[in-house]
Amino acid sequence: MRNPLIILVLLSAIATVSSYHCKKPYVVPESLNNRNYLVVDGFINAGDETQLRLSRTRNVGTNKSFPAETGARVQLQGRDGTLYFFNEDSVGRYSAFTVLNPTQQYQLSILTAGNEAYVSDWIDIKNTPPIDSITWAVNKDGLAINVNTHDPTGASRYYRWSYDETWEYHSEYFSKLKYENGAVVSRTLADLIFTCYRTRPSTSLVYGTSAGLSQDVISQKQVALIPQGDQRPAILYSMLLHQYTLTQDAYNFWETLAKLTQNNGSLFDALPAQLKTNIHKVGDSTVPVIGYLSGSTTATTRVFIPSSSLDHWRYDRFFCDTVRVDVGQEQNTFGRNVYIPIEERYVMQTLVGWQAAPPECVDCRLEGGSLTKPSFWP
Amino acid sequence: MRYTFRWFLLGLTILCTLAAASQTMPRISGDFRNMRVDRFVDSLQSLSGYRFYYPDHMLDTLEIDVQLHDQRLDSTLSAAFAHSPIQWAIDPWKRVFLTSGYPIQTNLYLAAAEMPASEDSIRAANFSNRAGLQGGAYADNKLYELGHKRSLKTPVPATISGFVRDEKTGEPIVAATVSADNDSKRVLTDPSGYFTIQLPTGRHELMVTYTGMYDARRRIILYEDAKFNVELKSEVSSLKLVVVTAAKSSNVAKNEMGVQRLNIRTIRQVPAILGETDVLRVVLALPGVTSVGEGTTGFNVRGGATDQNLVRFAGSTIYNPAHFFGFFSAFHPDVVKDVELYKASIPEKFGGRLASVLDISSRDGNKKKFAGSAGIGPLTSKISLEGPIDSGKTSFLLGARTTYSDWLLKQLKDKSYSRSSAAFYDVDLHIAHEMNTRNALSLNAYYSRDKFRLASDTLYEYSNKNANVQWKHIFHSKFFGNFTLAYDNYGFSTSSDAVPVNAYKYQFTINQYSARGDMEYTLNDRHALNFGLQSTLYQLDPGKIDPDDSRSLVIPDKLDRQKALETALYFGDHINVNRTLSVNAGVRYSIYNYLGPQRIYTYGQGAPREVNTIRDSMSYGNSAIIKTYQAPEIRLTARQLLGSKSSIKISFNTLQQYIHTLSNTTAASPTDIWKLSDPYIRPTRGEQYSIGLYRNVKHNTVELSLEAYYKNLRNAVDYKGGANLVMNHHIETDVVNARGYAYGVEFLLRKTAGKLNGWIGYAYSRTFLKTDDPLAAIPTNGGRYYPADYDKPHNLNAIMNFRFSQRYSVSLNVIYSTGRPITLPVAEFSLGGAVRAFYTDRNQYRIPDYFRSDFSLNIDGNHKVKQRIHNSWTAGVYNLTGRENPYSIYFTSQNGVLNGYQLSIFGTAIPYVTYNFRF
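Same order as they appear, the protein sequences are chains H and G.
731 is the number of the first residue of the first sequence in the working numbering; add one for each residue after it.
117 is the number of the first residue of the second sequence in the working numbering; add one for each residue after it.
A couple of the hints might just be wrong.
[Said to hold, decoys possible] Simulated crosslink set (DSS-like; lysine-lysine; CA at most 27 Å straight-line):
1) G:Lys581 <-> G:Lys567
2) G:Lys761 <-> G:Lys791
3) G:Lys301 <-> G:Lys370
4) H:Lys989 <-> G:Lys791
5) G:Lys621 <-> H:Lys951
6) H:Lys989 <-> G:Lys453
7) G:Lys567 <-> H:Lys951
8) G:Lys674 <-> H:Lys951
9) G:Lys284 <-> G:Lys349
10) G:Lys621 <-> H:Lys989
11) G:Lys567 <-> H:Lys870
12) H:Lys794 <-> H:Lys989
13) G:Lys349 <-> G:Lys301
14) H:Lys989 <-> G:Lys660
15) H:Lys1006 <-> G:Lys509
16) G:Lys453 <-> G:Lys867
17) H:Lys870 <-> G:Lys621
18) H:Lys1103 <-> H:Lys794
19) G:Lys886 <-> H:Lys989
20) H:Lys989 <-> G:Lys567
21) G:Lys370 <-> G:Lys761
22) G:Lys660 <-> H:Lys951
23) H:Lys1006 <-> G:Lys791
24) G:Lys581 <-> G:Lys621
25) G:Lys343 <-> G:Lys594
26) G:Lys567 <-> H:Lys753
[What the hints assert, rightly or not] Stretch-level coverage of chain H by chain G, calculated; a stretch enters the list once three of its residues show a Cβ under 8 Å from a Cβ in chain G:
27) 939 to 950
28) 998 to 1005
FYI, nobody ran anything at the bench for these hints, they're computed from the structure.
No residue lacks a Cβ here, since even glycine has one placed at the ideal position from N, Cα and C.
Given the sequences, and given the hints that come with them, work out the whole structure.
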């Protein structure tokens, strides 16, 4: 029979298909033309403090930080004539308390230190409904965190979300000892380096709409997906989710930006295009300005996801091995921060040395977090 | 007594042999060990130029065993048949007669042959030209008298018409060359195998040739208009020694230019991805055809967009000719007969698309016996069945193909693919019925369906449904018509039910109903006319969204149906001005009516068309004419022969296209929507000027051509940045007009016969587009010309096949092209917590050049005619060098950082084996 041969053929096919699609990093040659366009990052927070970050574009492939637009005069003006002036809190960061009237339209104007004037279109102020709930579920791709909201007035329709995530994590080994002034001593509660907390803002664009639905309902909209094996939900994870309502044009801006710069890499990518913004350079509207300003109130909710609510979260740890450091070797090892002592080793009640491990296995701060427990942490 | 007679005959033979020897007798060399006699005779025939005659079945079971070195033909025969009962004789007309038991007396024929009227007498001897150049017994030498016998003192023009068919299956042979009197006159058979040729009354010799078939020679005396059918015999069981004849379907002599014809045999030899014989991928290897990447079968002809190709399969319009995200073409290779691609001179009978017509014809079923074939490959399995339905008048051909690609996808490392799933199948049915000598009916049906998920909850489905009935009627020998009724349907849908509240199903459908009558009338020796009337009703449902769950809140929405009628009247004349100059002049007048019911928005005069400039809307009733476009389309080609081996051709074409795809992706995607021209989206217009030089060498087996073209394109569609093309009630607000031009030079060297065959094509071509719409707010690239996505200046394709023997052949492809243009970011910015890319001008950079070579080994099972199953194996490697040809370069924001990637689709060498069998 020919069957064995056919099976062989199919097996060879599997072997080759497995390596079909390949993705290799591509480094674009550094461009010399300095585009230097203004980037306006932020939104008009109608009920609280508005923070805007003004910066400039940088050349592709450079590692330099984005040039901040410092020393600009920024103001927000209502149709009713109200004026809000922004202060530059830190370099390129401007803020103002903007308690706005939702029936009014507002316009942002920027006069840079280089005397370039920029002005936005008139911005509607939208009301953001509260977040109904945040739910989560583990599926085969990881932990999906979803948001639910609705607006009984039906006026919201277009939404954007951002979040700050905080999680608690532990180093691989609990060290009760430390090396101090030439001696190994016990740690006090205050010097423990086992438990850390890390907070960071979201980086991907999350947007959604109920346009086309009979009610203004957002159901099970995924705002984050934490892949299997990730450290974050292993002990306790928390998300502070912010919800903003957008106009349709603003929604189109974010959706297009995401299509072009975040959800691409498929076989059927959209053609790159220039984005339509609502901020223009005065006197030359052909100069690109990056960003889209919309105005709304914010709805914010915090949620905690304990690992106990996740069914067996598998967590890929570093590979860490402990070593034995004999008495007399402290200076060479602990003193040079090659190892950190974990616990004493005794033979016949005599101290012979210490069990120790490299700092990255013992000191949780080396993974980016801090020892300070956030005020909201339970 | 008998004994004596035998001695008498033997004596005569010796005499004759001596007589023959007095001429220059050819000398034969070769290794003929363990060879069947019929093959041996085949070889001798081609080596010696002598004709062999012997009774049917006589040689079937014998084998010979000789090695020859420069032996005369007579001693060759003596040596070969020394230990067999076969006797031989040679006559002075270079004919060899083989008999069983005793040799024949050639002197008798000597006498007979001097009397032309009794040429028929050869028939009496009950010989067949078994190893000869054609199928029907003794047909080569028979003199056919066509029409009623009458005096032939002054020749008058007369017409011969008839069908060319496959002797074995009764299938019509399309595009066979029928030529008369050493190629002084030639015609090609039409899709039903029909031909009409005009000749003066009197004696002629007709040659009917077709690749893969023995040439047929017919000696005729033509008295008046007559019908004459010719059956060709397949070369399958022959030893493929070079049989060179002077009359191949000649690139030089035919009037068309920019036309490439490929038969399925050629297509099968080309190595393919996973061994899937793929019609469209072979078309992509022709000069002048490019694509945006190897993941797509969407093709671009001479700078045209992918929607500017009319893809026809057995008379049906196929809107989406691809399977599996576009990796494979949707045509069952066992059902396809041949493929014709028209790039420059598009016949008057075709219209509605600007760039090309790809006409794929299907085989007819076997009229004589039931047969079938099946194949197993790593990706698909396929089967076809065919046979007669009644007594040789009706045949059917049924083909089906399906995939088991799903489990293959699961093996992919890349998560986004291993989470994908894909399934497809296609089914073809072709029924041919010959009512009588004047009427033939055929029914063609095609159905294809694809279903896939691309690493998300969204399910994509699309499907082609096509059916047509064709009636061929021969009014009289010079005048025949094809009447077709056709229904074509294409639709896709996307759906998701992951979140019940948002569960939806989105659907798009095109329905096309058409009726056409295409007539050909051979007026006289100088004029062959073709004319016809075609009418197509389009009904397009451009979008419909429905809830897909009882809890879903999706509001059902439906875009207005678009309806239009395209009517075309055409007339063309093929004029033989003199022996060397011929002209094809034609005009196609197309009228397009955009019909109600529909609501059309009106916009402020001179203001950009945007949602906020909508002034009003106008409602039109059912079938009310909303807008009419009409234009004459000119089709002109002229050919001047330069000697017998070369020619020069020029052509000028104008075309109109009334249906467009709207897509803002680089590659043709299965969810691209089509849009009919309306008051805002005008018909796309194209014109092409081309010139070509053609030369055939080596007895027409090597064709050389050099063609140059210049093309203009008006009213093409382009999109505003971030255009929304889905469920858009006023799509005109997102679409802008563009124009373009393209030019190029194409060189092709093609060898059609011999052990080594294939082609080498090179094309230099450029295509530029620009936004040409005063109403566009941000014109693409500031309104300047920019290279189109498929602008790949250099293209080199070498497609070669070397046949060692009838059973073994190897094929090699070598493909090189310039990388396609891409848009790279010109700056980076930080927004919303992440670094992102900023793009301005489109297509200012290129991905690295493309290079690929493929290799395959084709093994046919043994060629015993009388076995139940004929096997064949193909083993090969796609992308032999394993080069990672980039499909795209993209920049994406991940965890706040901007990363650039180069994506290759087949970044490794891919071996495959497929097994096919016929029964």
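Structure-based check of all given hints:
1. A C-alpha spacing of about 15 Å is found between Lys581 (chain G) and Lys567 (chain G), which places the hinted pair at or below 27 Å, so the restraint holds.
2. For the suggested pair Lys761 (chain G) and Lys791 (chain G), the alpha carbons sit about 46 Å apart, so the restraint of at most 27 Å is broken.
3. In summary, the hint linking Lys301 (chain G) to Lys370 (chain G) is supported, as the alpha carbons are separated by about 11 Å, within the 27 Å threshold.
4. The straight-line distance between the Cα atoms of Lys989 (chain H) and Lys791 (chain G) is roughly 24 Å, inside the 27 Å bound, and the hint therefore holds.
5. Distance check on the hinted pair: Lys621 (chain G) and Lys951 (chain H) sit about 18 Å apart at the alpha-carbon level, within 27 Å; holds.
6. As the CA atoms of Lys989 (chain H) and Lys453 (chain G) are separated by approximately 43 Å, the hinted pair breaks the 27 Å bound.
7. Taken as a hint, the Lys567 (chain G) and Lys951 (chain H) pair is honoured in the structure, with Cα atoms around 25 Å apart against an allowance of 27 Å.
8. Distance check on the hinted pair: Lys674 (chain G) and Lys951 (chain H) sit about 25 Å apart at the alpha-carbon level, within 27 Å; holds.
9. With a CA separation close to 7 Å, the supplied pair Lys284 (chain G) and Lys349 (chain G) stays within the 27 Å bound.
10. Note on Lys621 (chain G) and Lys989 (chain H): the hinted pairing holds, with a Cα-Cα distance of about 22 Å set against a maximum of 27 Å.
11. The straight-line distance between the Cα atoms of Lys567 (chain G) and Lys870 (chain H) is roughly 22 Å, inside the 27 Å bound, and the hint therefore holds.
12. Restraint check for Lys794 (chain H) and Lys989 (chain H): satisfied, since their Cα atoms lie roughly 26 Å apart, inside the 27 Å limit.
13. About 23 Å separates the Cα atoms of Lys349 (chain G) and Lys301 (chain G), which keeps this hinted pair within 27 Å; it holds.
14. Using a Cα cut-off of 27 Å, the hinted pair Lys989 (chain H) and Lys660 (chain G) holds, with the two alpha carbons roughly 23 Å apart.
15. A threshold of 27 Å between alpha carbons decides the hint, and for Lys1006 (chain H) with Lys509 (chain G) the separation of about 66 Å lies outside it, so the pair is violated.
16. At roughly 20 Å between alpha-carbon atoms, Lys453 (chain G) and Lys867 (chain G) fall within 27 Å of each other, so this suggested pair holds.
17. For the hint linking Lys870 (chain H) to Lys621 (chain G), the alpha-carbon distance of about 25 Å falls within 27 Å, and the restraint holds.
18. The hinted pair formed by Lys1103 (chain H) and Lys794 (chain H) fails the criterion: a straight-line CA distance of about 33 Å is larger than 27 Å.
19. For the hint pairing Lys886 (chain G) with Lys989 (chain H), the CA-to-CA distance comes to about 24 Å; that is within 27 Å, so the pair holds.
20. Distance restraint check for Lys989 (chain H) and Lys567 (chain G): the Cα-Cα separation of roughly 24 Å lies within the 27 Å cut-off, and the hinted pair is therefore satisfied.
21. Proposed proximity of Lys370 (chain G) and Lys761 (chain G) is supported: the alpha carbons are some 12 Å apart, at most 27 Å.
22. Distance hint between Lys660 (chain G) and Lys951 (chain H) is fulfilled; the C-alpha atoms sit about 23 Å from each other, no more than 27 Å.
23. Restraint check: the Cα-Cα separation between Lys1006 (chain H) and Lys791 (chain G) comes to about 25 Å, which is no more than 27 Å; the hinted pair holds.
24. A distance of roughly 20 Å separates the Cα atoms of Lys581 (chain G) and Lys621 (chain G); the hinted pair therefore holds under the 27 Å criterion.
25. For the hint linking Lys343 (chain G) to Lys594 (chain G), the alpha-carbon distance of about 10 Å falls within 27 Å, and the restraint holds.
26. Annotation: proposed proximity of Lys567 (chain G) to Lys753 (chain H) holds, straight-line Cα distance about 25 Å (limit 27 Å).
27. With 8 residues having a beta carbon nearer than 8 Å to a beta carbon of chain G, the segment 939 to 950 of chain H meets the requirement of three or more and the stated coverage holds.
28. With 8 residues carrying a beta carbon less than 8 Å from a beta carbon of chain G, the segment 998 to 1005 of chain H meets the three-residue requirement, and the given coverage holds.
This entry does not satisfy hints 2, 6, 15 and 18, going by the numbered hints stated previously.
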